[in-house]
Amino acid sequence: MAINRRTFLKAAGLTTLAGVAGHAAMELLAPGALEASGAPKVGEYPEALTAKRWAMLIDTEKFTTAQVYQKCIDACHVLHNVPHIPGDQEIKWLWTDSFKHVFPDQQHALVPERIKNQPFMALCNHCDNPPCVRVCPTKATFKRDDGIVMMDMHRCIGCRYCMAGCPYGARSFNFWDPRPFIENIDPYYPTRMKGVVEKCTFCEDRLAKGQLPACVEASEGALIFGDLANEDSEVRRVLRERYSLRRKPSLGTDPHVFYLI
Amino acid sequence: MLEKALQGNKAYWGWIASLLVVIGIGFVFYVYQLQQGLGVTGLNRDVSWGLYIGQLTYMVGIAASAVMLVLPYYLHDHKAFGKLVIFGEFLAVSAVVVCLLFVVVDLGQPQRLMNVILYPTPNSVLFWDMVVLNGYLFLNIIIGWSVLHAVKKGVRPASWVKVLIYVSIPWAVSIHTVTAFLYAGLPGRYFWHDSLLAASFLSGAFAAGPALLLLILMIVQKVSDLKIPKEAIQTMTKIITYAWAINLFMVLLKIFSAYYSQYPAKMAAFDYMFGGYGGEQLMPWMWNFVFLGVVSLALLVIPSTRNNPVTMTIALIMVFVAGWIDKGLTLVIGGFIPNPFKVHTEYWPTIPEVFISVGVYAVGLLILTVLYKVALAVQRESAS
Ligand code: SF4
Ligand code: SF4
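These protein sequence lines map, in sequence, to chains A and B.
Sequential numbering from 1 applies to the first sequence in the working numbering.
Sequential numbering from 1001 applies to the second sequence in the working numbering.
Check the hints yourself; a few may be wrong.
[Said to hold, decoys possible] Here are the simulated lysine-lysine pairs, PhoX-like style, with alpha carbons at most 20 Å apart:
{"hint": "1", "chain 1": "B", "residue 1": "K1227", "chain 2": "B", "residue 2": "K1079"}
{"hint": "2", "chain 1": "A", "residue 1": "K100", "chain 2": "B", "residue 2": "K1266"}
{"hint": "3", "chain 1": "B", "residue 1": "K1010", "chain 2": "B", "residue 2": "K1222"}
{"hint": "4", "chain 1": "B", "residue 1": "K1266", "chain 2": "B", "residue 2": "K1083"}
{"hint": "5", "chain 1": "B", "residue 1": "K1010", "chain 2": "B", "residue 2": "K1083"}
{"hint": "6", "chain 1": "B", "residue 1": "K1266", "chain 2": "A", "residue 2": "K248"}
{"hint": "7", "chain 1": "A", "residue 1": "K248", "chain 2": "B", "residue 2": "K1342"}
{"hint": "8", "chain 1": "A", "residue 1": "K52", "chain 2": "A", "residue 2": "K116"}
{"hint": "9", "chain 1": "B", "residue 1": "K1079", "chain 2": "B", "residue 2": "K1266"}
{"hint": "10", "chain 1": "B", "residue 1": "K1162", "chain 2": "B", "residue 2": "K1083"}
{"hint": "11", "chain 1": "B", "residue 1": "K1238", "chain 2": "B", "residue 2": "K1004"}
{"hint": "12", "chain 1": "A", "residue 1": "K100", "chain 2": "B", "residue 2": "K1342"}
{"hint": "13", "chain 1": "B", "residue 1": "K1227", "chain 2": "B", "residue 2": "K1342"}
{"hint": "14", "chain 1": "A", "residue 1": "K116", "chain 2": "A", "residue 2": "K100"}
{"hint": "15", "chain 1": "A", "residue 1": "K116", "chain 2": "B", "residue 2": "K1342"}
[Stated by the list, open to error] Cβ-to-Cβ under 7 Å is the rule here; a few derived chain B residues that face chain A:
{"hint": "16", "residue": "Q1007"}
{"hint": "17", "residue": "G1008"}
{"hint": "18", "residue": "T1121"}
Quick caveat, the hints were computed from the structure, so don't treat them as lab data.
On a predicted model such as this, the values are computed, not experimentally measured, just so you know.
The C-beta atom is built at its ideal place from N, Cα and C for all residues, glycine as well.
With these hints in hand, go ahead and build the complete structure from the sequences.
See the structure below:
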């Protein structure tokens, strides 16, 4: 049975109507929810930093005072418009916690005093085998060729499956509209909308402009960032010389953030 | 046939009206949640799923349990189920609709729901859960409707319906299996990461689902001219007994493997849930589950209490409630506590969350009522 022009137009008109009505209803129920804050289109910058496999080293010996940590956290959170929401519905990309919490399986009664008392930095590990990517039903979470695990906040439906999947508690969900919780909105980085998940992106926006991640820049040498696939890189040299730990290696996620002890 | 749902007495319309009121209240709270964001729920950074996903999990089981009527009737020709199969299938339809609605109310960006279809992602279990749930919904609508049509015309269902019925049997198993895989496939969530999870989901569902169906049918029997054959009740309670016993056995298996091995992360979940270690939110519920589970099993195993209508009804209610505590509440929440840092962040549903959930259930009951009304009317006509 062939569809004639009239029926087709009728059907097309109906679906359009349904679409418009749906849009209108959505606007009525959740005003502003459909509008998306545009992502910055970073073109092919010739000065962009590139790598086959990005990795970060955290030199715990150099992080001696809480101030240094705070500098890194502020650099990250201010630059990326991370809202400051008190309580357990908070958003955080980079934060600190005790050794006992960051390495729950490594903890024992005789951990040296320095390790026991100093804060440890926590962030997304940009895992090589990331469960968050595996479980996302819309590919809103995906891994780039250079190992950076990315978030497409326009694609995310807010199912929070990735939060259940990440064994490092590295993901935050926008339970509220974040904008009222940002002190000074930086116009150069998009703010998020309520109902989507976000996390550290290894500052892929800065790498594209030839800059190191904000926390690395603020860390006064305590954070080292580089290409793990390049044998001559600084990250490789340091990992050859120093002992390092990774969080929960037994889970097989292959984290690419290393803690120099 | 649907017009049959439009004829009813005062009580029927009163029931429909009260459901509509409950749905309305739930909807108002949902609009509030849409506007404010999921911040109005008790969910948090550490416990990212709660009451909604718990209800999804439990109702998937209720839907899957229809197979406990379909299979004996169509594969083993268990005649006593003849008139009841349709009610099992329609319960499945309403339960799956409830499941899908719970997914929608749980989303942070519900208007992007179609992204799951626009960007199909076969590596995500959630994608498959959507596929099997929708498939099961259509299967049961088509099967239920065409079987009813056949009854109305006094003929046997067409052979293609038979094929769909056989397909629906493994499909029912698949919906609960895939839902279990949502949890069991995650690293570092020790309470869920369990190869037996799908099996224990099914055993729990095959007890709680028929228990609910039997309770509903007993109510229907009171308000209509439906007669549940005695033999059907006996078969169903036996199915419930075996499934429930297996389900409780699996709980013991989990506890053994955690504590005998002394595996800290595995023990931590049970320490928290049963011992209140790190917070006491779930502890009373867990012990209630144990109490209800054991007592109902005793009532079901002993033939005299199983066959006594009063004690049987009590046992059925207990199984249903225990199943809800297990799948609808503690399984999901307990899996997130302690969090990846071994810190205990508690979660408890808020008022909007509760009302939205009740509203979703009311939608399910409304669909169930309408479908049952039609089924009863058709069966009555064909009998006369
Ligand atoms: S740390 Fe968590 S969020 Fe980051 S890549 Fe690994 S699993 Fe994903
Ligand atoms: S919340 Fe967003 S990013 Fe996370 S799994 Fe769901 S769609 Fe993917």
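Comparing the hints with the structure gives:
A C-alpha spacing of about 14 Å is found between K1227 (chain B) and K1079 (chain B), which places the hinted pair at or below 20 Å, so the restraint holds. A threshold of 20 Å between alpha carbons decides the hint, and for K100 (chain A) with K1266 (chain B) the separation of about 18 Å falls inside it, so the pair holds. A threshold of 20 Å between alpha carbons decides the hint, and for K1010 (chain B) with K1222 (chain B) the separation of about 16 Å falls inside it, so the pair holds. Between K1266 (chain B) and K1083 (chain B) the CA atoms are separated by roughly 46 Å; this puts the pair beyond 20 Å, and the hint is violated.
For the hint pairing K1010 (chain B) with K1083 (chain B), the CA-to-CA distance comes to about 26 Å; that exceeds 20 Å, so the pair is violated. Annotation: proposed proximity of K1266 (chain B) to K248 (chain A) holds, straight-line Cα distance about 15 Å (limit 20 Å). The straight-line distance between the Cα atoms of K248 (chain A) and K1342 (chain B) is roughly 13 Å, inside the 20 Å bound, and the hint therefore holds. Distance hint between K52 (chain A) and K116 (chain A) is unfulfilled; the C-alpha atoms sit about 35 Å from each other, more than 20 Å.
For the hint pairing K1079 (chain B) with K1266 (chain B), the CA-to-CA distance comes to about 46 Å; that exceeds 20 Å, so the pair is violated. The hinted pair formed by K1162 (chain B) and K1083 (chain B) meets the criterion: a straight-line CA distance of about 16 Å does not exceed 20 Å. Proximity of K1238 (chain B) to K1004 (chain B) is assessed by CA-CA distance (about 34 Å); at most 20 Å being required, the pair is judged violated. Taken as a hint, the K100 (chain A) and K1342 (chain B) pair is honoured in the structure, with Cα atoms around 9 Å apart against an allowance of 20 Å.
At roughly 54 Å between alpha-carbon atoms, K1227 (chain B) and K1342 (chain B) are farther apart than 20 Å, so this suggested pair is violated. With a C-alpha separation of about 7 Å, the suggested pair K116 (chain A) and K100 (chain A) falls inside the 20 Å cut-off, and the hint holds. Restraint check: the Cα-Cα separation between K116 (chain A) and K1342 (chain B) comes to about 16 Å, which is no more than 20 Å; the hinted pair holds. The interface hint given for Q1007 (chain B) is broken, as the beta carbon of that residue sits about 31 Å from the closest beta carbon of chain A, more than 7 Å.
About 31 Å separates the beta-carbon of G1008 (chain B) from the nearest beta-carbon of chain A, more than 7 Å, and the hint is not met. Interface hint at T1121 (chain B): satisfied, since its Cβ lies 5 Å from the closest Cβ of chain A, which is below the 7 Å cut-off.
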